[in-house]
Structure formats: C-alpha cells, structure tokens
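Chains as they are written, first to last, in numbering that gives the first Met the number 0: chain E, 0 to 203; chain Z, 0 to 231; chain P, 0 to 212.
It should be emphasised that the hints constitute simulated quantities derived from the structure, not laboratory data. Owing to the predicted nature of the structure, the values given are computational and were not obtained by experimental measurement. Here a beta-carbon is modelled for each residue, glycine too, at the ideal position from N, C-alpha and C. Don't take each hint at face value.
Unchecked claim - Have a look at the derived ranges for each label pair, beta carbon to beta carbon:
#: 1; chain 1: E; residue 1: 41; chain 2: Z; residue 2: 81; range: 23 to 33 Å
#: 2; chain 1: P; residue 1: 68; chain 2: Z; residue 2: 111; range: 14 to 24 Å
#: 3; chain 1: E; residue 1: 44; chain 2: Z; residue 2: 84; range: 12 to 22 Å
#: 4; chain 1: P; residue 1: 159; chain 2: Z; residue 2: 187; range: 19 to 29 Å
As the list claims (entries may be wrong) - Cross-link-like lysine-lysine pairs, in silico, DSS-like; alpha carbons within 30 Å at most:
#: 5; chain 1: E; residue 1: 75; chain 2: E; residue 2: 62
#: 6; chain 1: E; residue 1: 62; chain 2: P; residue 2: 99
#: 7; chain 1: Z; residue 1: 231; chain 2: E; residue 2: 152
#: 8; chain 1: E; residue 1: 126; chain 2: E; residue 2: 75
#: 9; chain 1: Z; residue 1: 115; chain 2: E; residue 2: 75
#: 10; chain 1: Z; residue 1: 146; chain 2: E; residue 2: 74
#: 11; chain 1: E; residue 1: 126; chain 2: P; residue 2: 67
#: 12; chain 1: Z; residue 1: 230; chain 2: E; residue 2: 75
#: 13; chain 1: E; residue 1: 62; chain 2: E; residue 2: 74
#: 14; chain 1: E; residue 1: 126; chain 2: E; residue 2: 74
#: 15; chain 1: E; residue 1: 152; chain 2: E; residue 2: 126
#: 16; chain 1: Z; residue 1: 115; chain 2: E; residue 2: 191
#: 17; chain 1: E; residue 1: 75; chain 2: P; residue 2: 99
#: 18; chain 1: E; residue 1: 152; chain 2: Z; residue 2: 146
#: 19; chain 1: Z; residue 1: 146; chain 2: E; residue 2: 126
So you can see what is in the structure, the chains are spelled out below.
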Amino acid sequence: MMTDNPRQPGSLRQAWLVILLALLYGGALAATQTTLGPRIAENQRRETYRVIPTLVAVDGAAKVQPVTLALADGKKQEVFRVVADDGATAGWVLPAHGQGFQDRIDLLIGVTPDVATILGLYILDQKDTPNLGSLITEEPYLGQYRGMPTDPKIVVVTSAPTTTCQIRSVTGATISSTSVAEIVNRTIESLKTPIRRWRAENKP
Amino acid sequence: MDTFVTIVQLAIAAAVINNFVLHYFVGICSFLGVSRRIDMALGMGLAVTFVMAIAGLLSWVFTYYLLRPFAPLPAWVWHMVGGDPGVTIDLSVLSYILYIFVIAASVQFVEMYIRKFFPGLYKAFGIYLPLITTNCAILFACLEIMKQLQDPTRLWGLGEALTLSIFGGLGYTLAIVLMAGIREEMDRCDVPRSLRGPGISLIVAGILAMAFMGFAGVDRAIETTFTVLMKK
Amino acid sequence: MSSSEPTAMERFINGILPENPIYRQLLGMCPTLAVTGAMKPAMTMAVSTAFVLIAANLMISLIRRLLKPHLRILIFTLTIATFVTITDRFLAAYLYEMSKALGPYVPLIIVNCIIISRCEICAATQGPFTAFCDGVGMSLGFALALASLATVREILGSGSWFGIMLLPKEWPHWTIMILSPGAFFALGLLLGLANWISRRRQEAAARQANEPY
C-alpha cells in the first residue's frame, strides 16, 4: 500500500507520452482512413465489376445489377445480372469459389439468360503452382468453356475432347483443372433453378 | 459433418501443406536461431503454439465483434448515438495496432500463468516467451483470421480460427523440431566453411520445403474421400 | 558505444554493406524470402519498409529524451504499427494489385526485426539527422539484399527481370525458384557467397599486412 500510493501520480506522469502519441497516431490513422478509404473500397468493387460485362460479351454500355437469390438449402447468394440497353437480361455472372490444388480458387462464371450455355470464365484468385496449376487462368484452358452447354455436367479429360461437354485439362495440373470444372458444375447446379424462378417471377 | 470435413482440411492445410515456416516463411528468425537442439526446439515450438492459440482466440473475438466491416459492436454504438444507419462503420484500420497489443498481452498472460501454475514448464520454455512477441508467425495467424473475417463469403467462426492457430503452431513445431534434428546430425558433417551456420540451415530448410510440397492436394483428397464415404 | 558513437556518415555506409541487415545481421528474413519471387513485389516491399524504417527512426529520435526505459518498446511498437498501417492503406489505394500480391507481408513489417533494432540501437540514442541517415543506409542495404535475391529468382524462375523477358522463350523455367524451396536455396547460397567474398578480402588484407616482414 505504501508503495502503491505514490506510484499513482507517477504512473500518469510516465504514461503521458504514450497517451499523447496514441492520440496523435489515432488522428493520423483516422485521416488516412477518411482520405484513402473510399478509394480502397472503389478498388475492391471495381475488381469484381470490371470483368462482369466482358464475361457476358454484350456490346455497348451494359448495366450490372446485383440480385440476391435464395438457394435450395436456405442460404442466400448474390449474383450479377447484366442488363442490356433495352432492359433485357443479357446474361448472368455468378461468383463461385472452391478448393483448388493449393488454396481456394475464386472465379466468376458468365452464363446466358436461361443458364443453358456458359459465356465465359474468369479466375479472380488462385494460389496454385506458378507455370503449372496457374495456367488455369489462361486462355487455352479457360477459352474451352466458352459456348459450353451447362447440361450435361462438364467432364475433364486428359486427351483431346470428343464431345461438347468435355474440357481438356492443363498438362501436369489435372487437379487444378478438375477443381475449376467441379466448381463450375456445382455453382451452376445450385443456381440454375433459383435464376429461372427469378426470371419467371420478374418477367424482365 | 460438412463442418467437420472443413475443420480437418483446414487443420491439415495449416500444419503441413501451407506450413507457416516452410511455405509462408513466417517465424524464420526463431526457426534459424533456436533450432540447435531438439529439446530447445520443442520448447520453443510449444510456446509458440500456446501463444498462437490464445492470440488467435483473442484476435478472432476482437475482429468479429469490433474490427471487421459490419461488426456488431461499433454498429450498435453508432445506432445508439443516432448516426446515419446507411453508413457502415469499418474500424479495420486499427487492426494491426490491436493485434500487436493482443500478442504482447497474450505473451505476458501466458508467462504469468505458467510461472504460477507450472513452474517446471516455465523452467523448460519460459526463456523463449519474451522472444515470441516479435515472432512473425503469431501476427501472421492473426492476419489470416482477419482476412477470412473481412470477406463476407468466408466469415470464419471461432472453430476455424482456433483450428488455424493451433495447427499452424503445431506445424511450426514440426518444422523447427525436424530442423533441429537435422542440425544435430549436421554438426558431424564437413560443411564448406562459407556455408556454415545460417547458409547450410537455409539450404536444408529448402530441402524440407520441397519435401513438404508433396503434401499439396492432400486436403482435396480428404474432401473426396469423405464425400465417397458419406454416399455409402 | 558511449565514447564514440558512429557519425551520420558512418551509419549510412554501415547500413549498406558492412552491417547489411540481411547478409550480415540476418534480420528480417520473412519478407526477404517471401516476396522475392520477382523484382516488382520485392522493390515494393523495399520501398514500404524504407518508408516505415525512416519515419519510425525520425519519430523515435525526436522524442528520444522523453523515452522511459520500460515504456520504450511499447512506444516503438506503437510508432511502427501506425506507420505500417498508413503504408498498407496507401498501397491498397494506389497499387491495389501489388497490395493484393504482397498480402499479409505488408502488415508483417511491424514485426520486422530490422526496424525495431534500428530504433533501439540508433534512433533512441542519436539525433534526427543521424537517425535519418541510418534509416536510409539500412533501407538501401535491405533493398540491395532483396534485389539480389529477387534478380536470381526471377531470372532463373521466369526468365525475366522486372517483367521484361531476358532469356529466350526456350529457357526451361526453373519453377522451383519462384516456389518456397527456391527462396531458401537462393538465400542460402547467396549468404555463402557473401561469406566467401568477405573471407577472401580479409585474407588478402591480412597477407598485405604481413608482407613487409
């Protein structure tokens, strides 16, 4: 007790610098956040929105409208509806993700308004082996998906495809290649019915 | 069942596939510094695991309730002071500062607790505890948890966060103990003079990293196995 | 250390080669290994670390007379964490792709031992100008080390340097060099090379000193 009491004012005297610095730094951080925050948010938004119209390949200025759909298992999922100039649906862009070879793969799938054909694929994020698994982000592999029917399911083969529902895997990266196809199959399967229901309800 | 598979996958990914030391290169300083003898390495590894678990738990709590966008606590305060409900309060700019203090506090707490209740254990790895505050592996675990919480499509629960920190710590222990075992043997080897010390340790770590690359894809195989088992 | 503290110029020179943070002091290994797969991320990291190091050194040096011994580390950490947050936000706002590629390694600058050791060794005892020179010297040394490692790894691993193709298309990419094992191998061998060069110079100097006899 004897030692505690005189320490009380002393500790404040010792800590004033810390408190002052904390306030100063807090101010600096608040200033940084207010100046740069909107720009960062814009960067994050643009990252997804930039590729959406190109995936569906519409001419002219296409509008992107986020739509939240209820899935069969009760979960909600946001998808993007690309609206052409005349107000009709030009296509849908579905965000999807799943386990790749190394880490999670994040991608966007563009499909026709009736979800019958794939219009394009874009890999947002993957961490698979450089020069090997990472080739799934490139045109020779991704381009194969363009124009593919969503029914029956996409199958990955290691030789030249013989039917329309086959994709040739990247040599040496079969797992990465199959992962992408599985993610696409799974996402389209779970979203096909909700999108068609939305279309029936909203009659765009 | 689904959650169980996710947790198993996550544990294996954190411990061996994306080993903190050999894949993410965090905690290299202690990995090279405290890996001369196996018992020391084990002590350090367990101390790191312990602190990482506590820091992971605390940083999940802080991030989930306070620091992520749409966090409940700041939103409630904002609501109480009558702020515009359309504005999202995002305090994530404070995360790094908070994490570093969470780590420092957990180290202090662990040190006090062990000294009081497990004096034997304290003798064994008490000396490593102060070193841990600047161990990047722990901050890395906090940052991973933050990354998962900031993305609404991931939004980890406490279980996932704890799995990552505990198994990440165990992976660190595994790597540092393996390294110590190899270095003990290497004392009897004729290493070129210029490479002695950290040089050869780094090359050995490279070989270890190469060996650990063989684990890639195991988590996917587990997912497939479980799906097949579920169907039966 | 008390009688003859290094001058600003000595601090500057020391940071670059004689006390190089990576090759001599073996500090700050995590970013060195993690971001040197290519030159661009390595140089972004070098500039970010330089900013934090110089700013923290200046700040600590300005308030050095007010520091209490037991609150010292707390203040260092607080200062470094603040500057790192500012750097991180700045990168996210203006170099978004790079900030995504560097990921957690930008915030990990907080626990980069180089910065805290410079605050402790130099900034807490010497004036702002010396601390500034020390920060610049150390940053240059760090950048040099990152550049050497990234050059080796990017040229062997991708055949390019700063994204510019140097080697012919037929070059078989040593993908292992841009993966984690390559980082360890490259740094281990470069460390060996640095030791070998400095030992040869020492031996040469010793021989010269002995010759007159």
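Evaluation of the provided hints:
1. A C-beta distance of roughly 28 Å is found between residue 41 of chain E and residue 81 of chain Z, which places it inside the suggested range of 23 to 33 Å.
2. Our hint of 14 to 24 Å for residue 68 of chain P and residue 111 of chain Z holds, since their Cβ atoms are close to 21 Å apart.
3. Our hint of 12 to 22 Å for residue 44 of chain E and residue 84 of chain Z holds, since their Cβ atoms are close to 21 Å apart.
4. Under the hint 19 to 29 Å, the C-beta atoms of residue 159 of chain P and residue 187 of chain Z, about 42 Å apart, miss the expected range.
5. This hinted pair checks out: residue 75 of chain E and residue 62 of chain E have alpha carbons roughly 22 Å apart, not beyond 30 Å.
6. Proximity of residue 62 of chain E to residue 99 of chain P is assessed by CA-CA distance (about 27 Å); at most 30 Å being required, the pair is judged to hold.
7. Taken as a hint, the residue 231 of chain Z and residue 152 of chain E pair is honoured in the structure, with Cα atoms around 22 Å apart against an allowance of 30 Å.
8. For the given pair, residue 126 of chain E sits about 27 Å from residue 75 of chain E by alpha-carbon distance, which is consistent with the 30 Å threshold.
9. The straight-line distance between the Cα atoms of residue 115 of chain Z and residue 75 of chain E is roughly 50 Å, outside the 30 Å bound, and the hint therefore fails.
10. Between the alpha carbons of residue 146 of chain Z and residue 74 of chain E the distance comes to roughly 22 Å, so the proposed pair stays at or under 30 Å and holds.
11. Distance hint between residue 126 of chain E and residue 67 of chain P is unfulfilled; the C-alpha atoms sit about 46 Å from each other, more than 30 Å.
12. Annotation: proposed proximity of residue 230 of chain Z to residue 75 of chain E holds, straight-line Cα distance about 26 Å (limit 30 Å).
13. For the proposed pair residue 62 of chain E and residue 74 of chain E, the alpha carbon gap of about 26 Å is at most 30 Å, so the pair holds.
14. Straight-line distance between C-alpha atoms of residue 126 of chain E and residue 74 of chain E comes to about 27 Å, which keeps the hinted pair within the 30 Å bound.
15. The suggested pairing of residue 152 of chain E with residue 126 of chain E holds, with an alpha-carbon distance near 25 Å, which does not exceed 30 Å.
16. Of the supplied pair hints, the one linking residue 115 of chain Z and residue 191 of chain E is violated, its CA atoms being roughly 60 Å apart against a limit of 30 Å.
17. Simply put, residue 75 of chain E and residue 99 of chain P have alpha-carbon atoms about 27 Å apart, close enough for the 30 Å limit, and the pair holds.
18. Proposed proximity of residue 152 of chain E and residue 146 of chain Z is contradicted: the alpha carbons are some 33 Å apart, above 30 Å.
19. Annotation: proposed proximity of residue 146 of chain Z to residue 126 of chain E holds, straight-line Cα distance about 15 Å (limit 30 Å).
Checked against the numbered hints listed earlier, the structure breaks hints 4, 9, 11, 16, 18; every other hint is satisfied.
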